[in-house]
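K.L.:
Chain residues, written in single-letter form:
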Amino acid sequence: NAGVTQTPKFQVLKTGQSMTLQCAQDMNHEYMSWYRQDPGMGLRLIHYSVGAGITDQGEVPNGYNVSRSTTEDFPLRLLSAAPSQTSVYFCASSYRTGVQPQHFGDGTRLSIL
Amino acid sequence: ILNVEQSPQSLHVQEGDSTNFTCSFPSSNFYALHWYRWETAKSPEALFVMTLNGDEKKKGRISATLNTKEGYSYLYIKGSQPEDSATYLCAFINRDDKIIFGKGTRLHILP
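Listed in order, the protein sequences are those of chains Z and B. Heads up, the first sequence is in the working numbering, so the first residue is 6 and it goes up one at a time. Heads up, the second sequence is in the working numbering, so the first residue is 85 and it goes up one at a time.
Be aware that one or more of the hints could be misleading.
Under the rule of at most 16 Å between Cα atoms (straight-line distance), these lysine to aspartate or glutamate pairs were calculated in the EDC-like manner [as the list claims (entries may be wrong)]:
#: 1; chain 1: Z; residue 1: K14; chain 2: Z; residue 2: D111
#: 2; chain 1: B; residue 1: K182; chain 2: Z; residue 2: E64
#: 3; chain 1: B; residue 1: K143; chain 2: B; residue 2: E167
#: 4; chain 1: B; residue 1: K182; chain 2: Z; residue 2: D61
#: 5; chain 1: B; residue 1: K187; chain 2: Z; residue 2: E64
No lab work stands behind these hints, which were simulated from the structure alone.
Excised from the complex, chain Z in its bound form:
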């Protein structure tokens, strides 16, 4: 049982480059979300989706795009990478937001030079 799979695990980008962080889950979860973890800031919600075709912004959405064309996949796109986006990114999923806990991927460590 794969659970939530994030790729890549590590990535180094130059300022201005674009890239997509992949997230896939095999649990048929409706809810998926992306967080970033920065020192002293905990986990901050970037974007989330309550089902295929539906996405919404979280606390810190600027500079990121998401789409949810299938239940399984929820990619996060950095349009033009900036050093401020250096962070560890976590994808999570659950059946429903409140009554079921989030299942987290292993994280993607992203460095923007």
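Model the placement of chain B on the given structure of chain Z, informed by the hints.
P.N.:
Below, chain B alone, put in the same frame as chain Z:
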């Protein structure tokens, strides 16, 4: 702005002692509160999902209570062990599907 506060930020506890820490959250538009345990270099793992005012949950030596009217939850650890060293996160979920995490309480168990 939804604000979730956890205190203390960091805590050192002697092995064998009991401890507790707090998560404060908005008392309006409440849907659920989650507690997670987050070990270094791993991803957060769920401890408890709490939805009702007055809820008490227990898993081994760890338990949690919930007060939705005043907007706080306590996490208790009884007889701390070295393997309890981790960051403990709470997450507030409102009825608009927004999830807001606190910054966590970092617990260090001293041998």
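K.L.:
Determine for every hint whether it applies to the structure shown.
P.N.:
Do the hints match the structure? See the list:
no. : hint            : in the structure
1   : Z:K14 x Z:D111  : holds, 8 Å
2   : B:K182 x Z:E64  : holds, 9 Å
3   : B:K143 x B:E167 : holds, 15 Å
4   : B:K182 x Z:D61  : holds, 9 Å
5   : B:K187 x Z:E64  : holds, 14 Å
In summary, the structure agrees with every hint in the numbered list given earlier.
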